[in-house]
Structure formats: C-alpha cells, structure tokens
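Protein chains: 2
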Amino acid sequence: MRKLDFWFEYGSTYTYLSVARSSKAAAATGVQLEWHPFLLAPILTELGMAQGPFRPYPAKMAYMWRDLERRAQQHGLPYLKPSHYPPNTLLTARVGTLAAVEGWCEAFTQSCFNLHWTQDCAIGSEQNLAICLTGLHKNPAEVLARAQAPEIKERLRSATDTARALGLFGSPSFVVDRELFWGDDRLEEALDWATR
Amino acid sequence: MRKLDFWFEYGSTYTYLSVARSSKAAAATGVQLEWHPFLLAPILTELGMAQGPFRPYPAKMAYMWRDLERRAQQHGLPYLKPSHYPPNTLLTARVGTLAAVEGWCEAFTQSCFNLHWTQDCAIGSEQNLAICLTGLHKNPAEVLARAQAPEIKERLRSATDTARALGLFGSPSFVVDRELFWGDDRLEEALDWATR
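Respectively, the protein sequence lines represent chains H and B.
Quick note on numbering: the first sequence equals residues 1 to 196 in our numbering.
Quick note on numbering: the second sequence equals residues 1 to 196 in our numbering.
None of these hints come from the bench; they were simulated from the model.
By construction, the Cβ of each residue, glycine as well, lies at the ideal position given by its N, Cα and C atoms.
Hints may contain errors.
[What the hints assert, rightly or not] To list a few chain B residues with every Cβ distance to chain H over 10 angstroms, as calculated: (1) 27; (2) 52; (3) 80; (4) 130; (5) 177.
[Said to hold, decoys possible] Listed below are the simulated DSSO-like cross-link pairs for lysine-lysine, each with C-alpha atoms no more than 30 angstroms apart in a straight line: (6) 81/B x 60/B; (7) 153/H x 60/B; (8) 138/H x 60/H; (9) 60/B x 81/H; (10) 153/B x 60/H; (11) 81/B x 138/B.
Isolated chain H, as found in the complex (with noise of 0.2 angstroms):
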C-alpha cells in the first residue's frame, strides 16, 4: 500500500481542512495517511517570518479567513471563525507526538481541530484537550504527563528538524518519497502521486 505523509501544524488554519477530508480521502484512494506532528513556528522564525504568513499582512489575512470559509462550505465542512489566532499549541503538539507513537494521532488531532473550528473551544486550551482525552476513553492528567517527558519532547524538536530537512515551510504539508506538496489545495495532487 502506498503511503502518504501528513505533516501539520495544530495552529495552522488551512490545516483544518486537511484534518477533516485526508482520512475519507485517502481511504477512497487506497492510500496510507502517516500523520506527523511538527512545530510550524521555529521553522517560519528561521525564515523570516516569525509573526507567521498572515498577521503581517491584513488584505492575506482578511483573505485567508474568506478562503477557508468558503472552501469549508464547498467541502461540506462545518466552519465557525475562532475567536483567538493563533492558538499556543506546543502542549496540544507534544499530545500529538505521543499519540502518533501509540497510535491515536489521527483521532485525536480531529477531535482538537473539530472542537476549534465548530465550538471555538481552542486548540491549546485545557478545555480542548480535556475534552479530546476523555473522548479517547484517556485520563487527561496522565496523558499530559506522559507528554511532557523528556523523549517525548525530543520527538516532537526531532519531528520538526525532519519537517525542516523536507523542505516544509508551511501546514498543511503532503510528502510522497520527497516530493512535497503544500496546502490543502494539493491533497488530491499528492494523493495522486502517491498512487502513481
């Protein structure tokens, strides 16, 4: 089976999209997603860009939330604005690392996105990531000690220094073999490449 990395962002707002559709879609395409967490924020520091891709800019930043609001409708996905952007996600990230090692990345990433982007419960907060664990059946307390251990973390730097290696510069990202493709905009593309 060929296989489709995933690499994101929790704070990134077009990563939302991705979070939503890539399960269904590469399921359709015979595909196996790998989802990896990594820090979008060093990687953009390093770039020049450390108020990241839109607050620098308010006619991309007015447009960016025009955009995801529309592409949200057209993929029938519900979308309500969140109040606060960014979100501090390092905590919610290090939950992502541990869940990718033991296997419930995917659910719970859906989870943190779904209560972001359709209740305003911010990814980042306690209540969303209290909410998420206890959904998965998991005891938040112990989970979020787990996920502040010293491996864990070193994952997590280690996961974005490969992120950096690959060339990615922003979430959602898509690799097959080292071929990249950013956006979710370019997840058909990538799909398609992975099944080639």
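We have chain H already, so just place chain B on it with the hints.
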C-alpha cells in the same frame, strides 16, 4: 453573460498558468474574462513584502518552481524554467494597459508569457516586446511610444489603486463582484462563482 475580472502582474510566476489556460476555461463555462494588468510590486512593498513572496524564503522559492512545473505538466502546458527572476515588467505592463484599452490585451499577454515560459525570452526585454508586437502586426516603436504616454501611465497607476482597494495582494487574482480568488488554483472556483 457573467463576467470574471482577471487581475495579473506580468512578473508573477503562477500567472503563467492562468494566462495560458483562463481563456479556454472561461469560454467553456460561458464567462467573459476581462484582463486587468496591474503592478504588484507597489502593493507588496506597502504590505512589507518588498522582496516579493519568494526571494527571502529559499524553501518557499524552491517549492514554487517545483510546484509550477508539476502544475504546468498537469495542465498540458509547456514549461521551461526562465533564467531570470523576477523580470522587470513596468514597460510590458504599460503596453498591456494600452492593449486593454484597445482590445488586444489577451493576445499580447498570452504571447509575452508564452515566450517567457517556453523560450526563455524574458518578459520586459526589448526582444520579448518586439516579437509580441510584431506578431500582432503592430509597429513596436509606435506602440512603445504610445504606451508611455501620460494617460496610459496614469491608467496603470489607477488599475493598481483599484487592485489595492479590492484587497489584492498577489497574482493571478480573480474577482467576481467583490468576491476575491487568489491563485491559479482558484480559477475553477472563481468561474463557478461567476456562473452561480
């Protein structure tokens, strides 16, 4: 007949794809395309992106070239990476502005981009302009003189002001009423919007 405003900068890489394929795509959906040359550089400079969207970010620049090549291939368009980026497009934009007034902007623009992207004959160069204008049975010297008349310069400035007012920050951009679509990969979405 519904109308789609096609706003573009001659120096933009992704704009090649839209210049090459938008007329056919619009005709297939019964939409009338209006060609609007403008200058992106002043807008990007005001936004704090004086170096353009790619040059300060090597990873993003590398991705853009690869993505562009892949998408040209997907659309069945010839592609030869140009030697120089970005080209100096002021004079070409003035000729394009004159051409828009006189009704030959589409043919002129397609010819400019085709030479740039298939024969490495740079947009903005004397040679590119001479070949395009001669191909349209025009006298290059005469056209270049008229394209630098005060009213054409002013018309291009005014187009750039309109682009800014519409919230544009990149090329190609498509506008239906006040609805903005940015990027060649939004052409189909913009046409859908125009035919709603």
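Against the structure, the hints come out as follows:
1. Every CB of chain H lies more than 10 angstroms from the CB of residue 27/B, the least distance being 23 angstroms, so the non-interface label holds.
2. For residue 52/B, the requirement that its beta carbon stay farther than 10 angstroms from each beta carbon of chain H is met, with the minimum near 13 angstroms.
3. Against the 10 angstroms criterion, residue 80/B stays outside the reach of chain H, whose nearest CB is about 21 angstroms from its own CB.
4. Separation of residue 130/B from chain H is adequate, the least Cβ-Cβ distance of about 36 angstroms exceeding the 10 angstroms criterion.
5. Interface exclusion of residue 177/B from chain H stands, the closest Cβ pair being 13 angstroms apart, more than 10 angstroms.
6. Straight-line distance between C-alpha atoms of residue 81/B and residue 60/B comes to about 16 angstroms, which keeps the hinted pair within the 30 angstroms bound.
7. Taken as a hint, the residue 153/H and residue 60/B pair is honoured in the structure, with Cα atoms around 27 angstroms apart against an allowance of 30 angstroms.
8. Annotation: proposed proximity of residue 138/H to residue 60/H is violated, straight-line Cα distance about 39 angstroms (limit 30 angstroms).
9. A C-alpha spacing of about 27 angstroms is found between residue 60/B and residue 81/H, which places the hinted pair at or below 30 angstroms, so the restraint holds.
10. Under the criterion of a C-alpha separation no larger than 30 angstroms, the hint pairing residue 153/B with residue 60/H is consistent with the structure, at around 27 angstroms.
11. With a CA separation close to 28 angstroms, the supplied pair residue 81/B and residue 138/B stays within the 30 angstroms bound.
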